[in-house]
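Student: Given only the sequences and the hints, what does the whole structure look like? Please build it.
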Amino acid sequence: MAADRHVRVNYGASLSPDATAFAHLVDDGGYPRAVQRFLRGWRASSSRDVELPVVGPVTKVIHSADGHWLACEVAPEGGTRSQIWVVTTDPDDRDARRIDYWPADAEGTAELIGWDGTQVAAILTGEDGVGSSCLIDPATGDTLVLDRRSGGRLVDAWAGASLVRVGPRGYQELIMLWGLTEIALLPSDPGSVTDFGVILDDHTPRRLRSGIDGETALYYPASTYGPNSTEGFVRALIRSDNGASHARLLEVTVTAEGVTYHVVAEREGYELDEFVVSDDLSTVALLWNIDGRSELQILEYADETLSVPIPLPGPVAGELTISAGGSMVAMTVQGPSLPRTVELVDPRSLEWERIDREPSRGPLTSLPTLERITARDGLELTAWLYRPPDEVVGAVMFLHGGPEGQARPEYNEIFPALLEAGFAVLTPNVRGSGGFGRAFVHADDKELRFAAIDDVADCAQYLVDQGIARADRLACTGWSYGGYLTQALGISSGTVRGRHQYLRDERPEQLLPHHRAVDRRGVLSRVRPSGGGS
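Using UniProt numbering, the first residue of the sequence shown is number 1, and each one after it goes up by one.
Among the hints, a few may not be true.
Pairwise CB distance ranges (calculated) [said to hold, decoys possible]: (1) F38 with T140: 40 to 46 Å; (2) R97 with L350: 39 to 45 Å; (3) G79 with D142: 23 to 29 Å; (4) S307 with E391: 42 to 48 Å; (5) D128 with E420: 46 to 52 Å.
These aren't lab readings, by the way, just hints derived from the structure by calculation.
The C-beta atom is built at its ideal place from N, Cα and C for all residues, glycine as well.
Tutor: This is the structure in structure tokens:
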């Protein structure tokens, strides 16, 4: 384990379309910031900061489709409201402009989604809490509202069509807005989740089935016609577990006569975490979730053939980005001994390049072991077990948030100190966790939540039964939903002898203005950091 406690992380990359540059986020103390780098072959130049006239963390940076602009999402002074700023990719041009505009007395928050050609796709949310899915011209600030609804979320927009996610957690669908028409992409399947998609930039006609007899006809891309026309076709790739047990990659084709879809890629028993498609439609990069570890595959889209899995430089990867021609893929890679860092890979030669010559530093841990635990009702649970280097003095269960989150072998700054002190750390995936398929994520719905609380107790018993720690040397903690489970375990089991809650970053007081009949001082006195035994 490293003694140096400083951690520098790189993440959130965006490749330029021509693969000659990329931008990413850096957090090395202070507010996270956006930086730009240029590529000489596979070698990345030193970084230059993207200069913005506002102080605060940059949370997202994305290249425009033509490579001339960078859009940045920033939270001024680290507040809860975000703004969108654009800069050119010319390192000599220091001009920056804010493109989300609000009435003087009704400032809202802006979320950067991506680019639709030369327009920025964003969600603008005002004081009423209803998001407007918009396209914003960075040159003029002109804003086109595509959709406005409670719970609606823009996912992608391209060439006159857009994808909007609707529905509650646990049952989400994608609809396509095209030619003043709202189109459901998949059949109704309560409990399914269709949450991400990319509209394809087609330029050539295709023969598609037409009419009730199934005959084929020649269709041209919808971009061939006017902005409000429904002539032609639109295709999209989407991630969905509709009609399946695990998330997979589907292609949908929309015409004025209806929607067809087929499966492009799936792995039996495993979830599709992420995908990204090149602008020329030649290459799709996919990340699969294999019991919490990531697995990368490349799909040749023309014939839908999958490569063998490409070995990753770390156990967990995400935040995929790809060049327009599919010659380069970038992603964030991390693991217990590797703080988040951006890595580049050539999907054909399989050559990897880390953007920083010196790896990120910080307190490190060795790789955990994947444990399989049988709950009291026979359901199999998984957990990651980190063992201290020397004698074990106790164990800590760390519960993830969500509840649809997932414990994975990621980098964690908290665990090294616990391990150095002699505590084993177990990070369970109780029922309701994501990454294990549709049945598992719904296994704690409504009244089934009590079984998830029992799972935590069963994981504690596992630590005792395996001789890892004594029953009187166990602790349980968690973030967000994990904190709820910790509290619920203490109430339901009656075995917890002490508790401590720390809610500094949960900001409970932010909810108070929405509940007027509240004794604010009394509420705050109950939820602020406190400790004690019971």
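Student: Against each hint, give a clear statement of whether it holds in the structure.
Tutor: For each hint, the structure was consulted:
1. A hinted range of 40 to 46 Å for the beta carbons of F38 and T140 is inconsistent with their spacing of about 29 Å.
2. Distance hint check for R97 and L350: the Cβ-Cβ separation is about 41 Å, which falls inside the suggested range of 39 to 45 Å.
3. Against the hinted window of 23 to 29 Å, the Cβ-Cβ separation of G79 and D142 comes to about 27 Å, which satisfies the hint.
4. The hinted range of 42 to 48 Å is satisfied by S307 and E391, whose Cβ atoms lie roughly 45 Å apart.
5. Separated by about 49 Å at the C-beta atoms, D128 and E420 satisfy the suggested range of 46 to 52 Å.
Of the hints listed earlier, the one the structure fails to meet is number 1.
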